[in-house]
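Participant: The chain contents come next:
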Amino acid sequence: MPRLVSHPDEVKIVTRRFGQGAANIDRYVELGGYEAAKKCLAQGPEWIINEMKASNLRGRGGAGFATGLKWSFVPKQSAKPKYVLVNGDESEPGTCKDHLIFLHDPHSIIEGTIIAGLAIGAKLGFIYLRGEYRYLLEIMEKAVADAYAKGFLGKNIFGSDTEFQVITQTGAGAYEVGEESALMESLEGKRGVPRIKPPFPAVVGLYGGPTVINNAETIATVPHVISMGAAAYAAVGSERNGGTRLFGVSGHVERPGVYELPMGYNLKKIIYDVAGGVRGGRKLKAVVPGGSSTPVLLPEEIENLGMDFDQVGKAGSMLGSGGVVVIDDQTCIVEFALRTISFYQHESCGWCIPCREGTDWLKKSLTRFHAGFGTAKDIDNIQYLAENMLGRTFCPLGDAAAMPTLGFVKKFRKEFEDHLNGKPCPFAKHVEVAVV
Amino acid sequence: MSNETMTIFSPKLAARFDALVQKYPARRSALVPMLLYAQDEIGYLSDAVIAEVAARIGITELDVRNVATYYSMLRFKPAGKFNVQVCTNISCMLRGAYDLFERFQDELGIGHKGVTTDGLFSLEEVECIGACCWAPAIQVNYDFHDELNPDSVPGILAEYRGKAKAEGTVSHA
Amino acid sequence: MADVTFTVDGKKLTAPAGTLLIDACRKAGIEIPAFCYYPGLSLQAACRMCVVRQEKVPKLQTACTTTVAEGQVFITDSPEITQARKATIELLLGNHPLDCPVCDAGGECELQDMTFKYGAGESLYAEAKQHREEQQWSPAVFYDRPRCILCYRCIRMCGEGMDVWALGVQNRGARAVIAPNGGDTLDCEQCGMCIDVCPVGALTSGSYRYKTRPWEMNHISTVCTHCADGCKVTLGVRQSNIGSEIIRADNRDKSGINGDFLCAKGRFGFDFVENPERLNKPLVRNANGQLEPASWEHALRFAAGKLKEIRDARGGSAIGVIGSNLTTNEENYLLQKFARTVLQTNNIDHERTADYAGFARALAGSQGRTASMRDTATAPAILLIGGNPTEEHPLLAWNLRTNVRLNRARLYVANAKQIKLERQAKAVLRLPADGYPALAAHLDGSDKVIAGSAFRETLLAEESLLVILGQEYRGAELEELVKWGLKRDNVRFAFLGDHANSRGAADMGLLPDLLPGYVPVTAPGQFSAEYPGMPAAPGKALPDIFASAAKGELAALLVVGANPIAKPGMDAAALKNTFVIVHDIFLTETAAHADVVFPAASLYEKSGTVTNTYGDVQLARKAADRSGVKPDFEILVRLAGAMGVDVKTLVPFGTTGITADLGQSRGAQAGEADRHAVWLAANGLEPKLSPFDPLAVLDEIERLVPGYKMDRLNLFGGNDVPSEPGFVPLSALTANAAITPAHDGLFTSGTLGRYSPGLKDLNRHQAAPALAKTAAD
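Protein chains in written order, with my numbering: chain A, 1 to 436; chain B, 437 to 609; chain C, 610 to 1386.
Rather than coming from a laboratory, the hints here were simulated on the basis of the structure.
Think of the CB as a built atom: it goes at the ideal place given N, C-alpha and C, for glycine as much as any other residue.
It is possible that some hints are incorrect.
Short derived list, chain B residues pointing at chain A, Cβ under 7 Å [as the list claims (entries may be wrong)]:
#: 1; residue: P461
#: 2; residue: V468
#: 3; residue: S508
#: 4; residue: F512
#: 5; residue: C568
#: 6; residue: A571
Make a model of the complete structure from these sequences and hints.
Facilitator: Structural data, given as structure tokens:
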């Protein structure tokens, strides 16, 4: 069972009901659940979207797109049915925040889905969980069944004449399905290959109908925004970055865990204060700030770094999924880079040439390099390949593979060079033998 | 599927599939869950599974294979009754996942994608399973085990051996 | 859509709003490279080769998915774009095996061309390449995964283009592969279109692979000799020790009426030409009753002598002539002229597969009411009655599918059986098994035999209609249905038959009662002056010719490229007292009964015109050569000569003297000389200097045959030109019209198909038990 953690600096909004048995619908209602949905039902779509806009809530999946704005793109009139799609395909290495939401507060997802549905005029919502989260899917399925039993879902939600249905769905192992259009493909029973955009999902999405697709954390936040009011929510965070964020701190820290902190909270404090510092008193070597696809930051780069979309962007990385992976000074960056690219090689859907071939090539090169068979030219070549994948691929997965690779090579070139001339890896115990 | 006696699935699963294909705006949306649930029961996606799923959805077997081969949890050969999946992705790697994986290899005497001779266990090195903050973590079938170290391995294996014994099954057909 | 103006590389371009940038650029002569983009197929944006810079857009954009709008500014050629394309090629070349020296595609490979253009000449790749064993999916298709660049053209061509959906993509990432529907075998129409669209050497042809290098072949475009759709086919030929051999067939230049398309027969069925069973010497039956090789002189003298003797002793009525569905119009014309004027008989027929005479009669007097093959690809509404184009007219099926898919054409299908094209149909009318005759009345409102239907209402609401009739129609029913259409405005017709030149055989008067252009024998008009000695009464049709042989009334039978004895109900014994002469490529059942057999050239070894079932006339060009054989045209002229005929009365050559460019017209059967002939004729020079020049007969066809006034420049340029049967008033047919549709499928082609190892292999493959369960979809 995932351990819950706590820290005084936390502002518990989304995690407010964690550990309180809120998976039980009665308990959820007792804790104020479904009131936001009822309020939205009474207030209507325009009000909801305005509230969402005012809250400065930005997508928690990684791209940080403004949620209210996204919802407002959905056409009011549509010949085809509209849909809400909750992206619970949480697969970005370093990220396990949705895991806890599904576990501890499944009804917040359902309630958020209802509200999104009311906002855009959809009658059907889908909650898609990655295949590995089977026990969480079962919790979600129970929650959905309970919500139906209470009349919170169905033909007449909360006794109104408004209909809203929810269907849960399982994936079967594919990081790429976390991309919104690939998720829709998967939900339609196809290979998880992204779609050509435009058209964007808000216009042509699931089954060809206008679709709002949001990350599970975003959706779970929605009822809280409604309950506490947009202004109050926005006030918690930093400029243009409303509210809190679930930061999953993992790797070499004393107290790893998922912490809910205000947007803009200092990264150095997250590591040294909230998570208890680098494990075993070692020195910080680097930190991946927002999941494996975000470029690595050096200790000197995080001194005054506030964790919101804009500040981390300015620092040359991304806030991403909020998965903070802390790396100590006993870690081989080449091995870390190799493990990172191995993941993207494994997960590339293969649709486009630069991503399919680039991730495969990088993995092979880094494997050989890390095994001590590298040449000086390899370092430039790795950088060249990554630079030529960047911005050229069909979907962001290529960038997700290229960006961290570039970061490692540029910021730790010396460490790459230390692997040259047949020298063994200065750190690693685990060197995979390259297939030569 | 109209003729229920034709199914290769248990009556319970067949009934579940009958409902599943009706649940979505499009029948085909049932495909990925169906494949996963079929695998849960049969152990892997045999030709017979592919054929029946194709017939139930109303698409070609080729179409089913195109989709099935895309998803990494789906397999086309039997795994052990208990499939041990060790995450070695970055967060787990930083906290000793490779040592953990090695210990599983030693204890089970099999490598990546191997199956023990008694069919009880199989072992896989997998990508991130979403338990980064409780690393290193593994999944045995769908059960998570987190905050492990190599010494946790014998206990975990004993737990599942016990389960198998209690169920009275040794090998998985 | 309204035109918009945008700028590409500083040039102002105009195109309808919404046009794909890649199309707009290519039309304007701006090259945009692409692997995955293929006109007419769905968009992929997968290869990333077509990237361009659009003003005010941060990332490079793919030209294949960008639609043009007013005022946009694009750059398609800059160091940034060149680098992006170069890098994509470098990435591809990582895992791509550089086995170009042995790869079939070497020399005509798009990846090679792009590598050459973008200069990715230095290999950066130092890793092990991902290797997989090559797979054979069918006798026709091999797949070499390492060479595959995953452009998905094959999958789309098979699915969207062919509606077969036999290919998919499996696995993901660098492990992704193209996979066939049968696991490791391909269960499909074996059209080979996947091979054709493959930009590299990943999909290779069973009949061509490792045979030669592309630059060692000459490529000659001619007309396919199999079904009646008349696809242009490009034959790759190479010198061999017996002439020149055909190495492969495809639709390389995509310029013909078939555009992108070619089916299994066109692509793989050329190999009958190289069949070791081919005749290459005349055969004459000896005293022991056995056929033995003879010299051309002897065989011709013997055959001519017998024919002359019989004609003079018993009259032309004791002679029968059976022509071919595969020979050229000029040969067919010459054969009937020879029969009527030299043999003095109207006992001439061919193995009829469709009632073209009835079609002509029904259309008599109505000009502009027939549809060409091209019309089937553009008509907004089509009514297909009977037939099964998917199996029997693959190009028509392709055109109909494409028309529905890309132009949203409405296809209406009326058929007694379920046919695959119903998948594209807007409405289907299932006729009772014997319902065809009642359809015309039904369309006119009668519900007696066929129940009233929404089909009729929707159909009749169409402003124009292209009606395609299957071979189910003949005689009175055919006439009734055509008359129904003629009452309405904007209705045109096409009529389906079998074989490459069945239509030409009928048009050229291989009929006992009708002269070329369906002019009745009984009212021959200007033919009476042109054909001295022609009997005034109609002759016997094919069944009656055999019947008269059985009665001992047929003394001689000349069979040119036909195999009537192989037809059910035909008794070979009937011919035991008949002197039989056969021209054929093989020793067929009929040839085996002959007294003299002449080894004939196939359509791929001669020049002339052929007419497809839609009346489109095309030029067949001599591609291959084979020692020992002669075109039927030459055999006929020599036979006539040996009978003492002044061949100038049969073939109007050398009519204005011999003032010609001898050098150019020497190769009168080669395409170049054909085109040259147009210029010569236009300048008052006489291009026809040889009695074996079929173009001399084409002159006469144009002069005498109604409906065959053709645009020669176009014809000789390799294009299809229309002919029309429909404006001679016809009297009722008098002869017993025995019409037997051949119903050749995807891998059969009458007698000819039996001699194609390639087609036999495909037939066997598709009939294999492993595939039988899924074959019919």
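Participant: None of the hints should be skipped; say for each whether it holds.
Facilitator: For each hint, the structure was consulted:
1. P461: holds, 5 Å
2. V468: holds, 5 Å
3. S508: holds, 4 Å
4. F512: violated, 13 Å
5. C568: holds, 4 Å
6. A571: Since the shortest Cβ distance to chain A is 6 Å, the answer is holds.
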